[in-house]
Amino acid sequence: MTGRNAYLHPNEPSADNRSIAHSTFASQPPLHGLNLHVAQTVNQITEAWSLAYRSYLRAGHIRPNKSQLFTYSHAINRQTLVVNGYIGPVLASTVTAIVDSATGIPADQHFSDFTNALRKQNKRVLQVTLCADRREKLARSVYSLLDMMRYVYFYARVQNIHEIIAEIDFNDASMFRDYMGFDPICPPRTHHGSKDIQLILAHLNVDESNNPNSHPMICRYFSENPVPTEIFDSRFDFATSELTNAPFREFLDV
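So the sequence shown is numbered by our numbering: it starts at 289 and just counts up by one.
No wet-lab data here; the hints were simulated from the structure. Heads up, a few of these hints could be off.
[As the list claims (entries may be wrong)] Keeping only pairs whose Cα atoms sit at most 20 Å apart, straight-line, the calculated DMTMM-like set for lysine to aspartate or glutamate is: (1) Lys483 - Glu424; (2) Lys411 - Glu496; (3) Lys354 - Glu496; (4) Lys483 - Asp525; (5) Lys354 - Glu335.
[To be verified] Here are the in silico distance ranges between beta carbons for each label pair: (6) Asn353 - Glu512: 33 to 43 Å; (7) Asp521 - Asp495: 18 to 28 Å; (8) Asn323 - Ala405: 18 to 28 Å.
Beta carbons: idealized from backbone N, C-alpha and C, even for Gly.
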């Protein structure tokens with residue numbers, strides 16, 4: 289097996305079956321029941337990374353800590369975007385988008401050969417990470433995750449990003465490819481959390497995602513459901529004085 293599917297499980301759904309599944313929600317925002325918001329305050333960032341802690345701990349990506357928060361030092365920068373999905377007042381889903389900077393991105397830990405190669409090509413890179421949901425199985429939250437990815441995609445365009453990348457559990461890689469257009473670009477590598485997890489690096493080329501021949505479902509869904517760019521102007525400013533006493537301040541030193 290070669291090409292973009294080379295690093296995935298061989299017993300996957302056929303392209304025809306995936307197309308049938310896609311047609312049920314490709315042209316309109318999926319009915320996931322969430323209200324999506326760009327995080328604007330310390331409290332909203334904190335609850336997002338508290339949910340990430342619980343989700344990552346449950347999956348074995350991390351070990352327990354006293355703060356019961358999880359993020360990366362790379363995320364605490366002015367270009368970071370956090371998108372939260374609520375059911376009423378309750379946070380149900382979240383993702384964080386980290387724009388590559390002088391401090392790097394989390395993927396550098398396991399995939400620096402690939403991230404550095406992108407930099408050498410003068411590619412502007414954004415990593416989507418800290419994907420978390422109250423539901424235990426990621427597949428059950430695919431619709432909410434797809435809709436949050438719509439925000440990430442349009443934010444990437446505002447930031448003139450060429451490549452959106454993600455470190456994905458190998459068992460979820462097919463879902464990310466089929467529903468969000470993330471193609472794997474290398475074999476799995478082992479992450480040592482509370483248990484060993486196989487991670488794969490995948491990418492979505494921002495320009496190619498506009499090509500109906502490359503990603504027909506993503507192209508149609510994003511083009512028909514744009515996110516107004518002014519929404520991103522209200523995102524939390526990590527340079528604010530509020531950061532001094534923020535619960536996640538400790539991760540700056542990690």
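Hint numbers contradicted by this structure: Those not satisfied are hints 3, 4, 8.
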